[in-house]
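Participant: In case you want the letters, here they are:
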Amino acid sequence: MNAVLSLILSGGAISILVAIPFLAVWVLPHVFGIHLEWLFGIVIPYLAAIIFFVGMIYRVMKWAKSPVPFRIPTTCSQQKSLPWIKYDYVDKIDNPATKLGVWGRMILEVLFFRSLFRNTRLQYGDGQSIKYTSSKWLWLAAMGFHYCFLVILIRHLRFFTEPMPFFVKIIENIDGFFQFFLPVVYQSGLLIGAALTYLLLRRILIPQVRYISLPADYFPLFLILTIAGTGILMRYVLKADVVSIKELTMGLVTFSPMIPEGISVLFYIHLFLVSVLFAYFPFSKLVHMGGVFLSPTRNLSNNSRIVRHINPWNPKVKLHTYEEYEDDFREKMIAAGLPVEKKVAPTEQKE
Amino acid sequence: MAEIPKSWNVPSPDDLVKDADHSPASMGLQKGWMSTPVQIKKGMHCHAALPKRFKALGMPNPRDWSVMDEDWKLPKNWKEIVLDGMKERLGKFRSFQLFMDICVRCGACADKCHYFIGSGDPRNMPVLRAELLRSIYRKNFTLAGKVLGPVAGARDLTYDVLKELWYYLYQCSECRRCSVYCPYGIDTAEITMMGRELTNLLGLNIDWIAGPIDFCYRTGNHMGIQPHAFKEMIDFFVDEIEDYTGVRVEPSFNRKGAEILFVTPSGDVFGDPGTYTAMGYLILFHQLGLDVTWSTYASEGGNFGLFTSNEVMKRLNSKMYAEAKRLGVKWILGGECGHMWRVINQYMGTMNLDIAKGSKMEEPVSPITGTKFENAISTKMVHICEFTADLIKNNKLKLDPSRNDHLKVTFHDSCNPARGMGFFEEPRYVIKNVCNHFYDMPESTIREHTYCCGGGSGLNAGEDMELRMRGGMPRANAVKFVHEKYGVNKLACICAIDRAVLPNLMEYYVPEVDVTGVHEMVANAMVLDGEKEKTVDLRGEPIPGKEDNE
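As given, the protein sequences belong to chains V and G, one line each in that order. Take 1 as the starting number for the first sequence in the numbering used here and just add one per residue. Take 1001 as the starting number for the second sequence in the numbering used here and just add one per residue.
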């Protein structure tokens, strides 16, 4: 596998995924009079949702089933020590000794990507001349992408709720704060595009990152970019029939599915790609969403000298006992004046 | 520039790292790493374990083999052994299962590894080191890997793949620096530890680890020092101390009824400059009149089992509590050592506290200051820097730091106490009280960001000098910086492996800087009862300004 092949494979996969609903919902009815809207509007979304939930539960259960034999937090600050040794709030979070500290650490990690924020970049000069510079771009792009994704997800609740919960309206208002266009342009759409483009470009342009990248790294980027792209097209350019779409989506969540007239093929492409994303999720690296909560180097307190951590499978092992050791060296020990448990008879001792 | 010993087989420092190209054509568009074969290079790996090392511990597949041989003489069903071993460990270690699944290959760890910085070998990027094993995991344990193969980043476990994996598992020093920056806390040390357990199922250990664990199991310490010899060495220190200070210290061994058991890495007893630190301990204990005993049975603080498997680690570690119980001590005091303290902090209580049941051990209390070491209430083992910091804070040591005025000191945070414990302020507090000139290295190279000495996790052998010098480059680079800026001439550390590895590293990159343990400097600054006028330090070297005026 190399970078070019990875890009071609992932790009090809996305093209096929776009072509499938296009052929099924646009070409088939027009050419053969066959209608498959029910498959793409109802069956596949339901299947994807089931795969997502069952798959994620299976994943998390599998992780949870594997025990944590040792307490192995990566300590990133001063330990709790003698009372007069500085142990302030930063230490309490980056090297927690209590559950509260662990909560602090996990909140910072999950909501603000604390570890990524630490990132520095090494600049290699000639030979031994190396320098470190602050490097926050990856952190910024990661934050940008994840929060925009969240905002967009929340905004989409407008299609699945009636009446709309208050926070959806609030998010929409904030997201459309800069009203420079009609319909209101949501910043999240632009930002997620920018963030994804950055993440994609760094993957292609930074040699080290390119070298480690797999098709499984390009594919989700392409997939989410295309989803965002089709969404933006529907909202601003090709103007989808929002009322019909809401009839369909409300039908899905109320378990009385139906296919209204007048929904464009672009919507089916969008919905199909979202379904693919959901179904793909539990089998991909995207499971980091759940995994981060279970990471033993982050979610444990560094208190194993204070409270014994229990290993459920603590193995029974053969030990080399002191008695065996003394048996091996007794005469030498006596000769050297070291105390022993079992004296040998004086006659045996002398040579 | 000092002569570099020929036996090291390395070019001059500038030439060595010149070829470390971090974005070479080999990382180009045409060839991925899976289709780029690995060349095992002399000087970048340690020697294979000798068969005699396998017997006492009962390790599998003892035989004569060599890394450079085509045939590694593996059992016929080696592949099955590895895959079964993986399956077992996926079910026993959440860390392993999780870290196989959640990496997104963001590359934040890529330039954090000292071996990558010094070698430019892409497989030394932590993410790729882990992918070597992950690719096997995907092929055998995931649906996507089984169906899609290389497209899903999966590959078969072949003989060559095994060799590649081995080569890079023994080019990782388990320093955990990458795990500090990973957004999910993926710890390459954890992956390397699992990988090394698997190699040990096939008898693929290196001799520099297999030797020490075999010695430690039988004689009580990594060096294989037998009890009478252990005592002789310490007796030698006693004479030296008397020569230099005029004070005769009286250590005791295997003494029942002592209050405290002292355990330190045997490297401190065996090799310079650790020996001066050992002399420092002896002087400290004597001056305090501490009721402490050494043990020849538990004469090793370090634990190369950590670099072998969790079972071997447990077997070697067990003697500390067993000896504490037999001697009837109240608690254990531990010397300056890196990975020893990771084991004590994160593994010992979990593994072996059962052994201490029914013993006289209790919450550690300093008999000098009355301080309770509440952070060690369960494990009942105290770090000597915690102990000494408490003494200094309570004014129990008479110190004359001007005796160290000729030293300009910097401190190397050893990986394990740094990222497996968070041991930053205690040693610095001690150093600042015994020396007047202390300068930290740049922020990105100390504390949790600290760099490995280049020879951690059992890689401090003589045959892999190139690996050590490459991996030690970032650390040496930072030392050089403070040497040039502040005139630093002493590199202090609290790790026996450091004390074995850093002198070579300094000799190579910054020959003006010398390596010392913290308690060597403590003892040099201590004003002892009944001491003669001090003109030399513990190395027998004249103290500037205090020379004999004859």
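Some hints here could point you the wrong way.
[Claimed, not checked] Think about it this way: if two alpha-carbon atoms lie no more than 27 Å apart in a straight line, the pair counts; the simulated DSSO-like pairs of lysine-lysine are:
id: 1; chain 1: G; residue 1: 1076; chain 2: G; residue 2: 1163
id: 2; chain 1: G; residue 1: 1408; chain 2: V; residue 2: 131
id: 3; chain 1: G; residue 1: 1360; chain 2: G; residue 2: 1398
id: 4; chain 1: G; residue 1: 1092; chain 2: V; residue 2: 285
id: 5; chain 1: G; residue 1: 1079; chain 2: G; residue 2: 1163
id: 6; chain 1: V; residue 1: 316; chain 2: G; residue 2: 1052
id: 7; chain 1: V; residue 1: 316; chain 2: G; residue 2: 1055
id: 8; chain 1: G; residue 1: 1018; chain 2: V; residue 2: 131
id: 9; chain 1: G; residue 1: 1372; chain 2: G; residue 2: 1256
id: 10; chain 1: G; residue 1: 1018; chain 2: G; residue 2: 1079
id: 11; chain 1: G; residue 1: 1325; chain 2: V; residue 2: 332
id: 12; chain 1: V; residue 1: 316; chain 2: G; residue 2: 1360
id: 13; chain 1: V; residue 1: 92; chain 2: G; residue 2: 1432
If you are wondering where the hints come from, they were derived from the structure by calculation, not from laboratory data.
Participant: Next pair to validate is residue 316 (chain V) with residue 1052 (chain G); report whether the Cα-Cα distance is within 27 Å.
Facilitator: With a Cα-Cα distance of about 24 Å, the restraint between residue 316 (chain V) and residue 1052 (chain G) holds, given a limit of 27 Å.
Participant: Take a quick look at whether residue 1372 (chain G) and residue 1256 (chain G) sit within 27 Å of each other, Cα to Cα.
Facilitator: 23 Å, holds
Participant: Holds or violated: residue 1018 (chain G) with residue 1079 (chain G), Cα cutoff 27 Å?
Facilitator: 38 Å, violated
Participant: Below or equal to 27 Å on CA atoms is what counts here, so check residue 316 (chain V) against residue 1055 (chain G).
Facilitator: 19 Å, holds
Participant: CA of residue 1408 (chain G) to CA of residue 131 (chain V), is that 27 Å or under?
Facilitator: 24 Å, holds
Participant: Regarding the pair residue 1360 (chain G) and residue 1398 (chain G), is the alpha-carbon distance no greater than 27 Å?
Facilitator: Cα-Cα ~32 Å, so violated.
Participant: Could you grab the alpha-carbon distance between residue 1092 (chain G) and residue 285 (chain V) and see if it respects the 27 Å cut-off?
Facilitator: With a Cα-Cα distance of about 22 Å, the restraint between residue 1092 (chain G) and residue 285 (chain V) holds, given a limit of 27 Å.
Participant: Compare the distance between the alpha carbons of residue 1079 (chain G) and residue 1163 (chain G) with 27 Å, and conclude whether the hinted pair is satisfied.
Facilitator: 12 Å, holds
Participant: With the threshold set at 27 Å, check whether the alpha-carbon distance from residue 92 (chain V) to residue 1432 (chain G) stays at or below it.
Facilitator: Distance ~24 Å between residue 92 (chain V) and residue 1432 (chain G) Cα, so the pair holds.
Participant: Taken at face value, is the distance from the CA of residue 131 (chain V) to the CA of residue 1018 (chain G) at most 27 Å?
Facilitator: With Cα atoms ~15 Å apart, residue 1018 (chain G) and residue 131 (chain V) stay inside 27 Å; holds.
Participant: Is the Cα-Cα distance between residue 1325 (chain G) and residue 332 (chain V) 27 Å or less?
Facilitator: 23 Å, holds
Participant: Just to be careful, I want the Cα atoms of residue 316 (chain V) and residue 1360 (chain G) compared with a cutoff of 27 Å; is the pair within it?
Facilitator: At roughly 24 Å apart (the allowed maximum being 27 Å), residue 1360 (chain G) and residue 316 (chain V) satisfy the hint.
Checked against the numbered hints given earlier, the structure breaks hints 3 and 10 and satisfies all the rest.
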